[in-house]
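S.K.: What follows is the residue order along each chain.
Number of protein chains: 2
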Amino acid sequence: MANQKQYDVAVVGVTGAVGQKILEMMEEIDFPIKQLHPLASKRSAGKNVVFKGEEVEIKEAKPEAFEGVEIALFSAGGSVSRQLAHEAVERGAVVIDNTSAFRMDENVPLVVPEVNKEDINENNGIIANPNCSTIQMVVALEPLREKFGLNRVIVSTYQSVSGSGNAAVEELKDQSRKMLDGQEPEASILPVKSEEKHYPIAFNALPQIDVFEDNHYTFEEMKMINETKKIMHQPELKVAATCVRLPFFYSHAESVYIEVDGDDVSIENLQDALRDQPGIVLEDDIANQVYPTPLSSEGKTDVFVGRIRKDLDVPNGFHFWVVSDNLLKGAAWNSVQIAQAFIQQD
Amino acid sequence: MANQKQYDVAVVGVTGAVGQKILEMMEEIDFPIKQLHPLASKRSAGKNVVFKGEEVEIKEAKPEAFEGVEIALFSAGGSVSRQLAHEAVERGAVVIDNTSAFRMDENVPLVVPEVNKEDINENNGIIANPNCSTIQMVVALEPLREKFGLNRVIVSTYQSVSGSGNAAVEELKDQSRKMLDGQEPEASILPVKSEEKHYPIAFNALPQIDVFEDNHYTFEEMKMINETKKIMHQPELKVAATCVRLPFFYSHAESVYIEVDGDDVSIENLQDALRDQPGIVLEDDIANQVYPTPLSSEGKTDVFVGRIRKDLDVPNGFHFWVVSDNLLKGAAWNSVQIAQAFIQQD
Chain A
1 MANQKQYDVA VVGVTGAVGQ KILEMMEEID FPIKQLHPLA SKRSAGKNVV FKGEEVEIKE
61 AKPEAFEGVE IALFSAGGSV SRQLAHEAVE RGAVVIDNTS AFRMDENVPL VVPEVNKEDI
121 NENNGIIANP NCSTIQMVVA LEPLREKFGL NRVIVSTYQS VSGSGNAAVE ELKDQSRKML
181 DGQEPEASIL PVKSEEKHYP IAFNALPQID VFEDNHYTFE EMKMINETKK IMHQPELKVA
241 ATCVRLPFFY SHAESVYIEV DGDDVSIENL QDALRDQPGI VLEDDIANQV YPTPLSSEGK
301 TDVFVGRIRK DLDVPNGFHF WVVSDNLLKG AAWNSVQIAQ AFIQQD
Chain B
1 MANQKQYDVA VVGVTGAVGQ KILEMMEEID FPIKQLHPLA SKRSAGKNVV FKGEEVEIKE
61 AKPEAFEGVE IALFSAGGSV SRQLAHEAVE RGAVVIDNTS AFRMDENVPL VVPEVNKEDI
121 NENNGIIANP NCSTIQMVVA LEPLREKFGL NRVIVSTYQS VSGSGNAAVE ELKDQSRKML
181 DGQEPEASIL PVKSEEKHYP IAFNALPQID VFEDNHYTFE EMKMINETKK IMHQPELKVA
241 ATCVRLPFFY SHAESVYIEV DGDDVSIENL QDALRDQPGI VLEDDIANQV YPTPLSSEGK
301 TDVFVGRIRK DLDVPNGFHF WVVSDNLLKG AAWNSVQIAQ AFIQQD
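Quick mapping for you: the protein sequence lines, in order, are chains A and B. Heads up: the first sequence begins at 1 in the UniProt record's numbering, then just goes up one per residue. Heads up: the second sequence begins at 1 in the UniProt record's numbering, then just goes up one per residue.
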């Protein structure tokens with residue numbers, strides 16, 4: 001590693017839930033950083049972040065801040081990416097963008113390294129990181145698609161509040177405390193901060209993540225539908241999603257129904273296809289009540305799969321349960337993996 | 001009402017979560033009770049319940065306790081029903097059983113009054129009340145089946161802890177307080193009290209409700225599958241279920257996918273079919289963020305439906321979201337409705 005090339009790396013949105021995890025992940029794998037450029041809004045500029053035991057000053061995210069930057073990981077919301085990603089690219093950086101700004105742009109590869117690492121080569125300066133709930137699902141789907149073919153996906157999600165950022169985590173804590181004390185909860189963040197109405201998430205379930213589209217699906221649901229087809233290079237794949245926000249802090253869970261191509265596939269075939277895959281941990285031993293949960297998956301980078309069952313009526317239908325930490329594999333870890341794959345090809 | 005026949009009514013399991021709600025519901029609709037017989041385990045015998053402002057002594061649930069009883073509502077677990085339901089019937093009572101003991105018995109009607117009230121006439125002394133998660137789903141499905149035909153159902157549930165009784169409600173409270181204080185939660189009730197392993201439910205999601213069957217489905221999932229077909233008299237209906245316990249106290253929610261018979265049905269057709277149906281409230285106005293949630297449905301007897309969408313790939317496919325109070329329409333209220341329908345025919 002002594003002779004390995006080192007990079008100037010910017011992290012945009014470094015004070016946010018995902019930005020913090022990106023620093024943690026880069027530290028953990030000892031990413032070859034020459035200089036770290038922690039960037040955030042004007043409000044946070046001048047404060048410090050700690051990286052590898054040293055304090056590094058946060059600078060304001062503006063075009064000039066990208067001078068000399070070779071890899072820029074964006075995670076500060078779609079509008080910041082739309083304003084600054086091209087500025088970073090113009091200054092010579094490759095952008096790994098963890099917002100929805102460019103994901104469906106046909107000139108931008110949308111990458112989950114376990115699924116379509118080779119798409120990184122098609123980048124024109126920007127590589128998009130998919131939506132959290134999409135990532136964990138396609139990691140589980142890809143080995144099944146490869147082995148058995150895949151023609152249909154119906155998913156219902158169980159998503160944690162950290163997907164809406166640190167303010168939503170605090171809102172769940174505050175509301176939970178209030179309700180346990182018999183008081184009325186106050187809601188101002190969830191389901192969508194910018195929307196008119198807010199509902200309590202504590203001891204509740206909200207069937208709205210992101211805003212509604214004209215077709216009655218939410219934007220989160222459409223992300224899962226469109227991104228899955230793009231990442232898997234299967235535009236004709238039938239995908240349907242229902243996305244629900246729930247009162248837990250970290251990790252998303254998903255109840256997934258799939259139809260494979262053949263009628264002669266067994267539960268054991270599916271288990272074998274998922275076992276020992278990179279990035280996947282099979283936790284499917286019902287005799288011993290082994291299955292993944294949000295709490296058991298928190299803080300881990302893998303995608304956990306359990307509860308694999310064969311549909312009782314449709315011979316090529318299967319059901320399973322997928323859980324992963326939405327801030328890690330769903331965001332920070334996948335972005336850092338993309339950066340790793342990029343420098344391997346550099 | 002002055003000349004209406006009055007009945008000797010026993011409530012078995014009167015100290016439990018559902019038993020308490022049965023008393024509330026009977027009081028609320030002024031059920032014609034001549035004498036209330038509150039029954040429970042030996043441990044609770046001698047204590048009192050309050051009914052219509054008066055204290056009534058709880059007696060031990062044993063065969064002789066049913067002497068003179070005309071209607072017996074059982075909600076004390078399957079083993080109590082298996083021991084005592086026939087004893088009650090032998091003594092002249094009609095039993096309305098809210099356990100899984102007799103639901104799939106072909107000589108026992110399984111009744112949701114909005115769907116198959118007429119099946120009450122086929123009873124041989126016992127009428128079964130379906131599982132909570134089944135009831136709310138079939139109430140929403142029946143008007144759609146009648147109008148458009150129905151050939152497929154895939155449901156993922158979001159179920160509250162009160163479905164596991166008062167002890168599970170207390171466990172969620174205790175664990176939530178502990179975790180908010182940074183302490184380790186203790187688990188001894190959920191997912192299934194009698195099972196070897198218990199997992200925290202607070203700020204978590206458990207993909208196990210009831211024990212596992214040989215086919216890898218849980219008993220709760222098989223209840224939804226088998227009971228739906230029986231109630232709707234459609235044994236060939238394709239039904240699949242994934243049941244998940246979540247950290248809220250009351251009401252179950254369900255993400256339901258259906259396929260109707262025709263390809264020319266619209267969202268508006270479904271909304272119209274559900275609007276103004278007895279027992280159903282359509283809460284589906286996405287422009288104003290209107291959809292049901294567990295908190296908004298708590299304490300109400302109706303079944304709430306929202307988030308109706310057309311599948312984007314399958315022309316006869318639709319998705320929607322159903323919420324209802326599991327202790328009311330899912331248990332106590334449906335049992336009391338059966339009792340009402342029974343005395344109307346009496």
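Hints are computed from structural coordinates only; laboratory data are not their basis. Warning: the hint list may mix true and false statements.
Any copy, or any two copies together, can satisfy a pair, since identical chains are not distinguished.
[As the list claims (entries may be wrong)] Below are the SDA-like pairs computed for lysine to any residue, each with C-alpha atoms no more than 25 Å apart in a straight line: (1) LYS178 - ARG275; (2) LYS47 - VAL169; (3) LYS178 - GLY165; (4) LYS173 - GLU184; (5) LYS173 - SER188.
S.K.: Checking against the hints above, which ones are violated?
M.R.: 1
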